[in-house]
Every structure is written in C-alpha cells, then in structure tokens.
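Number of protein chains: 2
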Amino acid sequence: MKKVTILDIAKELNITFSTVARALNDHPAISKSTKEAVKKTAEKLGYSKNKIASSLRSGKSNIIGVLVPSLDVSFFSSVVHGIESIMNQHGYSILLYQSQESYKKEDKGIETLLNSRVDGIITSFAIDREDSTIFEEIISKNIPLTFFDRALYQLNAPSVTIDDYKGGYMATEHLIQSGYKKIVHITETRDLSIFKERLKGYLDALKAYNIPVNEDLILKGNLSLNFGKDCVKELTSRGIDFDAIFTLEDFTAMGVIQQLKSQQIRIPEEVGVIGFANEAFGSLVTPSLSTIDQQTHLMGQETAQLFLTMLKEGSFYKMAPQRIKLDPLLIVRESSKGPQL
Amino acid sequence: MKKVTILDIAKELNITFSTVARALNDHPAISKSTKEAVKKTAEKLGYSKNKIASSLRSGKSNIIGVLVPSLDVSFFSSVVHGIESIMNQHGYSILLYQSQESYKKEDKGIETLLNSRVDGIITSFAIDREDSTIFEEIISKNIPLTFFDRALYQLNAPSVTIDDYKGGYMATEHLIQSGYKKIVHITETRDLSIFKERLKGYLDALKAYNIPVNEDLILKGNLSLNFGKDCVKELTSRGIDFDAIFTLEDFTAMGVIQQLKSQQIRIPEEVGVIGFANEAFGSLVTPSLSTIDQQTHLMGQETAQLFLTMLKEGSFYKMAPQRIKLDPLLIVRESSKGPQL
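If you read the sequences in order, they're chains C and V.
Okay, so the first sequence: first residue is 1 according to the numbering used here, each after it adds one.
Okay, so the second sequence: first residue is 1001 according to the numbering used here, each after it adds one.
If you're looking for bench data, these hints aren't it; they were derived computationally from the structure.
Fair warning: there could be bad hints in the mix.
Stated by the list, open to error - Okay, derived cross-link-like pairs now, DSS-like style, lysine-lysine, Cα gap no bigger than 27 angstroms in a straight line:
hint : chain 1 : residue 1 : chain 2 : residue 2
1    : C       : Lys32     : V       : Lys1318
2    : C       : Lys141    : V       : Lys1039
3    : V       : Lys1141   : C       : Lys44
4    : V       : Lys1261   : V       : Lys1233
5    : C       : Lys11     : V       : Lys1196
6    : C       : Lys318    : V       : Lys1011
7    : V       : Lys1318   : C       : Lys39
8    : V       : Lys1182   : V       : Lys1229
9    : V       : Lys1141   : C       : Lys35
10   : V       : Lys1011   : C       : Lys141
11   : V       : Lys1141   : C       : Lys11
12   : C       : Lys141    : V       : Lys1044
13   : C       : Lys337    : V       : Lys1261
This one's a predicted model, so the numbers in the text were calculated from it and none came from an experiment.
Could you build the full structure based on these sequences and the hints that come with them?
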C-alpha cells in the first residue's frame, strides 16, 4: 500500500500543501475549521505523522563521526564504505566530515561532530597536522577514538593501518624483478610516517638486490597529479638516467604517466611505473596503472570492529590499545610489465 | 610557540598519558597528590584545556546536513565542495551522509542529521525514492530544505538544477555536427526526471536535424560501468548499425569505451562516444571522454546561497520557492572527434 502523504490530503481538500502542513502542526494562522477538515481527512486516508523518530531518549545517539581528508580520494571513500557496512549492521549511523587535509578544518570537524552528539570518532587525520592536542582531548574526555591508515602511535587509541614499509618494498621489488634497474622514488616533503615507511621499503628493497641508492633518483614534494608531471620534467631536463618510477600514491603516478606520454616516452618499455593506493581510475587509464592495494574495505571493517569492541568494553583507554596492521597487495597492470616487452 | 599537550605534562612528571588525562578530569582513581602535581605542572607549562569549544548555547548549531547518494561520484563531491566553500565563509560546518542511492538509508540519514541538531538539510535524493513523505515532513516541521540536481518540484522547497534537456540536446547535436548519424542513447529504467529530460533533448536534437528516431538505438537499464559494456555487447551481437553512443552519465560511457576497445572497435573513428557529468576520470582515460559538464562547483555555491537566503528570511515555506537552473557546458575531448579522423 502506498503511504499517504500531505500532498494526498491537500489534493483531497483542494487546498495547498503548506496549509495542510501548518494545520497538522496546529499553526495559529490556520482556521479551526480547516484544521478539523485536515484532521478528518488525514484520519480517513490513514495518514501517519512522525516518520522521523526522535531517538533523544538515551544518552547514546548511535551516531559515529568519521573524519577523513577527502571523500573523492577513492582510498578514503572505500574505507568509509567498509566502516559503514559493519556499523549499519550494528544499528549505527555514520556522519562524515572532510578536513581537506587541513588540521584547522579538522579541529572544526571534531568540534562539529562532538556538538552533534556522536558516540565516538573514527579518523584518518590531515596531512598538515603537527600536534596531537585535539586527539588528546578526545581521549581525556573518554570519548572513543579509533585511527585508520594514519595513526598517532604516541596516543593510546587503537588503530588499523597497512604495513607501508612492506608496500614500499613490494612495489620496488616488483620493478626490480620485472627488469628495471634505475628506479626513481617520488615521496612527500611533509612529515607523515606512512610515506617515510614506503621510502624505507624502497631503500631496503634496493639494498636486498644490491642496487646502489642514487640520491638523484629520490624526489620530494607535495603529492598531486601536477607534482608527478613536474618530476618527469625535472628528471628528463636534468638528463638523469632512469627506467622506472615508484610514486608514493596514485595521483602522482597519473601525472607521471601523462607527462611520459606527452614526451613520447613509452610505458612500460622505456619507463615502468607503479603507484600506491589502488585508486579507482588506475584500471581505467592507458596504460593501466600497477599499484599497491591497501585492502580498503577490510581496513574499514576492521576499524569498525575495533571501534565496536572499544564501545562494548566501556572504559576506553585503560589497556594498551589494539593495533592492527594489514598486509598490502601487489596489483600488476600494464604500466610495469618490464622493459623487455 | 608550540602548544603544550597532555603528553608534555606526562613527560615532565614521568607518568603516563592516561594518568594525566584522568587527573585533569578529576577522576576518582587518581590520588590527590598526583592531581596537584599535574595541576601545578600544567600551570607551569602553560597548558590550556578545552580546545573543543561547546557551542551548545544558542538554539542554532550552525551545522548544515548534506545528504547525497555517494561521495565517490565526483559530481556529488564537487558540488559538496562548492557548498562547503560558501558555508564555511558564513561560519557553518557541513556534516555529510551518503544514501548509497537507497531511500531507506536516506530516511535513516535524515533522522540522523535531525537528531544531530542540524539547522537544515541540503540534498540530492536517492534514485529509488518513490514518495516524498519524508521531505514533506521536513517542510511541515519548518526545517530549511534545499534540493540540488534532483528536485521534487511538487514540494515548495527551493532547488538548483541544471538544464538536463539542454544537456541532452547539446550532446546529441555535437555528435551530429561531428558527422555521426546513427546515434545510440543509453538511458535509465528508473524514473528520474533528469534522465527523462536528457532523453527528450536527444530526441529533439535528432528531430531538429531530420534524423529519424530508431527505437533499436535507445537502450534502457541501470546506470553502471557494466551496463555500458552490456549495451555494446547487445548492439554488436544483434548486428545493429550504429556509429555513436551518448550515455546518460560517464560511468556507463566508460563501460562503453572499455567494451568497444576490447572488441577492437576504434574510437572515435568507427564509433563516437559522449557521456554526461564530467567525472574526474574522463580526462585521464584513453581516448579521453567527451562529456557534458554540470558546473558542479557553481551548483554547490548557488545551492548554498539559496539556502542562506532561506535561513535569513526565517519563514521558509511561505512564498513560492526559488528555482535556479544552470546551463550545462559541452566538453569536447578525443572520444567524439568525428568519423573522418
């Protein structure tokens, strides 16, 4: 049976929507007779008010705040899907806030979420964050907090991350095993442990295969598509000899691919490319982009489970926090098929 | 000057983070002497509590709820950026909720946002929504509501949309002017006015150029990358003669491109392709995808402005609602360069 709406009542009485709405809300501007007519018709048609239930009874809101840098990065939106799938099963709703990689916006977001009475916060913090004060405050107020991907290990909040060191190692080892020898690594200037770990993995893989580290091949900047383009321009204009590029994440890799193509440098024959994060566009571009998958959906699910365990335990910060580290997966596509092709 | 944190106090006193945090919150488990030591050290170091301000004073929360199908569709995330940019300038924060194109999740989202005391709701509703009850209720409660992209015109809430009819017309006319004659249109089964308008634009453009409508060239289904692939398979396996495809949105167009490529059908020489929505991946794929841009950032800004005007006026639903219709823009890339190339 179709649900009876305010519009149905308005139609039946040949009056406007807002008259019916106001009559139902006992608005003073509406005459008594109209109110009665509306009431009668509403009863006759079987109209029921209050679809929007008020769950203000308990102290718990059953709402969890999730704070991420940006939801148009598929890494984050995919983790959020994972978090939502578990949380919804357990009767929780998710409210989202984007920091746009700004700790100032993030502070505002935490304030907003707490004022919205969320039961707790799950976050991957902004890249420019330099101190942990606001997260210390959340903990000191005994509000549940869980980190994913980017965690502050000095705080005793639980976290789910991937093994970024291993990811960096795998990406580099894959390029070496595909036959590349002069491997560039593009990394971040800003101080985030996930990127430092990927760099460490790169260095150790070179070492393991007896390839000397060449400082000219390590480029630092701020991750973006344009930065990837700039790196290729710099490498070629300085005449630096290289045959592969491993970038800290996929958007930078995309810039690398576009610039290599625009300079008629063939991928993967002349230069192999691998990114990190398995963004959605990687399988759609030509050549398709090899990358490291971070098991985003699983990360979201594990994060939600960890958070729910915390909620169940009640006292959130008494014990040593659980730290889950997931294994990265190597995704081989066309861009790193080796120079022999 | 670096902000003093709980960790600094803990370090100074050589006690744990959680002891300091609990001492600062006057936790009964912490001894009086520890509490005093913490308090003294906090004062000495210049520690200030309460970074998280409580804005519970006024009835207004200065938080706006934005409810969209999915933020990993760049159309929606880009509109949301536009909304945020204006709202932040005016001191409002945005909380986001994803319906995943399910009206049931959307109902839950509205409940969640209202329980979180948002000052109002901005939305583009779920594709499977069949009645307007919940939005009628928002209006009848006199809570500000503004639609973007997908609007319910029978309700007196304001809206910002693009001229989808014009977009459909422009896309089709562009294919005709590029030299294509047997133009397929892939559209939606589900009943959403934006898609019907795009179809109408397609039909009228054919008419305007004296191209007879061929029902075999109009395919209906549920938008997705795989649906795009299936359409190409169906067209080719049924031996239907076509030289261009205009899809209702870009993900479907991406499926079309992938399937055409896998069947060695050359784009744009044998088949031209144009999508709709200007998703981020469109410029990254090969061939790059022609599309219709929906001025998403402007749409977000206009939506925010409309909403702020509503807030200022105070009584939200007394007058006829403002309806803004933006012009779509044609984006020509490689996929529709014409059969002559």
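For each hint, the structure was consulted:
no., hint, result
1, C:Lys32 to V:Lys1318, "holds (20 angstroms)"
2, C:Lys141 to V:Lys1039, "holds (17 angstroms)"
3, V:Lys1141 to C:Lys44, "holds (22 angstroms)"
4, V:Lys1261 to V:Lys1233, "holds (12 angstroms)"
5, C:Lys11 to V:Lys1196, "holds (26 angstroms)"
6, C:Lys318 to V:Lys1011, "holds (18 angstroms)"
7, V:Lys1318 to C:Lys39, "holds (21 angstroms)"
8, V:Lys1182 to V:Lys1229, "holds (19 angstroms)"
9, V:Lys1141 to C:Lys35, "holds (16 angstroms)"
10, V:Lys1011 to C:Lys141, "holds (20 angstroms)"
11, V:Lys1141 to C:Lys11, "holds (20 angstroms)"
12, C:Lys141 to V:Lys1044, "holds (22 angstroms)"
13, C:Lys337 to V:Lys1261, "holds (20 angstroms)"
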